[in-house]
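Protein chains: 2
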Amino acid sequence: MKVNVMTDILKANDLLARDIREMLSSRRIVSWNIMGSPGSGKTSVLERLIPMLPAEVKAAVVEGDLATSRDAERIAKTGVQSTQINTKGGCHLDAAMVRSALEKIDLDGLRLIFIENVGNLVCPAEFALGETGRIIVSSIAEGDDKPDKYPSMFRTAQLVLLNKIDLLAQTDFKIESFISGMKRINPKADILQVSARNGSGMPELVKWIVNRLL
Amino acid sequence: MKVNVMTDILKANDLLARDIREMLSSRRIVSWNIMGSPGSGKTSVLERLIPMLPAEVKAAVVEGDLATSRDAERIAKTGVQSTQINTKGGCHLDAAMVRSALEKIDLDGLRLIFIENVGNLVCPAEFALGETGRIIVSSIAEGDDKPDKYPSMFRTAQLVLLNKIDLLAQTDFKIESFISGMKRINPKADILQVSARNGSGMPELVKWIVNRLL
Numbered sequence: 013m014k015v016n017v018m019t020d021i022l023k024a025n026d027l028l029a030r031d032i033r034e035m036l037s038s039r040r041i042v043s044w045n046i047m048g049s050p051g052s053g054k055t056s057v058l059e060r061l062i063p064m065l066p067a068e069v070k071a072a073v074v075e076g077d078l079a080t081s082r083d084a085e086r087i088a089k090t091g092v093q094s095t096q097i098n099t100k101g102g103c104h105l106d107a108a109m110v111r112s113a114l115e116k117i118d119l120d121g122l123r124l125i126f127i128e129n130v131g132n133l134v135c136p137a138e139f140a141l142g143e144t145g146r147i148i149v150s151s152i153a154e155g156d157d158k159p160d161k162y163p164s165m166f167r168t169a170q171l172v173l174l175n176k177i178d179l180l181a182q183t184d185f186k187i188e189s190f191i192s193g194m195k196r197i198n199p200k201a202d203i204l205q206v207s208a209r210n211g212s213g214m215p216e217l218v219k220w221i222v223n224r225l226l
Numbered sequence: 013m014k015v016n017v018m019t020d021i022l023k024a025n026d027l028l029a030r031d032i033r034e035m036l037s038s039r040r041i042v043s044w045n046i047m048g049s050p051g052s053g054k055t056s057v058l059e060r061l062i063p064m065l066p067a068e069v070k071a072a073v074v075e076g077d078l079a080t081s082r083d084a085e086r087i088a089k090t091g092v093q094s095t096q097i098n099t100k101g102g103c104h105l106d107a108a109m110v111r112s113a114l115e116k117i118d119l120d121g122l123r124l125i126f127i128e129n130v131g132n133l134v135c136p137a138e139f140a141l142g143e144t145g146r147i148i149v150s151s152i153a154e155g156d157d158k159p160d161k162y163p164s165m166f167r168t169a170q171l172v173l174l175n176k177i178d179l180l181a182q183t184d185f186k187i188e189s190f191i192s193g194m195k196r197i198n199p200k201a202d203i204l205q206v207s208a209r210n211g212s213g214m215p216e217l218v219k220w221i222v223n224r225l226l
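Residue numbers (the numbering used here), protein chains in the order written: chain L, 13 to 226; chain H, 13 to 226.
Any given hint might turn out to be false.
Claimed, not checked - Facing chain L, from chain H, some residues (calculated, C-beta under 7 Å): (1) V17; (2) C135; (3) A153.
Just so you know, the hints here were simulated from the structure itself, not pulled from any lab data.
Just so it is clear, CB atoms sit at the ideal spot from N, CA and C, and this is done for glycine as well.
Let the sequences and hints guide you as you build the complete structure.
Below, the structure written as structure tokens:
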């Protein structure tokens with residue numbers, strides 16, 4: 013019973029996500045679903061990244077959260093359009109929420125949309141949002157065992173940002189262990205080491221994003 | 013439809029959780045549901061805590077995870093009984109999983125059971141496991157805004173462990189901001205600053221736990 017209901021919900025979500033993906037790509041807009049644990053640095057990465065994008069690459073941000081609109085307010089300070097989805101306790105974004113959020117955004121001339129998912133390394137993996145691809149932000153402080161322990165999430169990423177790399181010396185994190193985990197779970201994903209705090213690795217992230225524009 | 017199904021599931025879970033709670037307390041066993049984000053340090057806190065407990069306080073650990081049995085193996089090295097629940101991708105533990113796990117544990121003479129939930133700051137809040145109470149492990153590296161952003165979880169805790177306090181100087185974390193958030197969301201919860209890495213604050217945690225034995 014529970015399984016059937018979930019299957020129907022996921023099927024309806026996938027259809028809606030396909031419509032969103034087609035609508036965005038017909039406008040040459042690339043969209044990235046930004047996922048990661050609470051406090052991995054999803055918003056901080058976007059705050060650092062957006063001002064570094066080439067001036068002609070117009071971006072917008074959809075922020076997902078259980079409660080509060082703090083993240084959208086932080087993003088608004090970068091000068092791009094941002095809108096907040098409050099899931100009212102829900103553990104993931106879905107395509108219907110994203111469709112409503114996109115109605116509040118002027119899509120004209122946009123080349124990029126970042127959709128920041130709820131901080132959760134489990135549930136968001138199951139819900140397509142119409143994104144072009146997925147970026148996981150994983151903080152050094154979370155430990156190097158995360159790909160093996162949260163495989164459903166890491167399996168679906170095109171890019172993993174190993175964030176807070178400035179904390180490396182203060183932790184027991186072994187980069188090689190994380191990379192071996194990714195090789196087991198999702199060998200095709202790219203991995204970039206970044207620090208949203210001090211900016212290291214961010215030029216490589218800009219390049220990665222710009223290379224994938226439509 | 014979805015809502016009704018969820019309500020039925022939660023109701024059945026609550027009844028089972030009540031049975032577990034009564035069974036454990038009739039044996040004078042206190043059980044703590046250990047919750048927190050992926051990588052907040054739940055297992056590391058238990059590894060540090062268990063050897064510090066008074067010799068007469070026998071403990072056991074139930075480990076919950078999406079995949080792998082790494083955490084149970086880490087705990088087994090402390091010498092206490094430990095058993096692993098694999099949720100096979102599920103985002104939280106439920107009372108039925110805990111009941112099965114408890115069947116694998118010799119309860120005779122136990123005073124404490126720690127149930128480490130799936131790393132997730134959202135879904136586990138809804139599912140009672142028959143625990144005496146809840147402890148959230150929240151890492152300094154996750155930022156000081158977490159109580160406001162994940163209120164459903166922080167609202168249910170008896171104790172919040174502010175872990176990785178050794179990283180404080182390397183982050184922008186403000187202890188007062190975290191404490192104000194907790195005052196808004198759950199003013200009754202205790203907060204202890206600890207480091208599972210260097211052991212600071214751990215004697216206070218031992219005292220907190222021992223004071224609540226049955």
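Hints and how they fare:
1. V17: 6 Å, holds
2. C135: At about 5 Å, which falls below the 7 Å cut-off, the nearest Cβ of chain L leaves the hint on C135 of chain H intact, so it holds.
3. A153: With a closest approach of 3 Å, the A153 of chain H hint holds.
Hint check: no violations occur; every hint is consistent with the structure.
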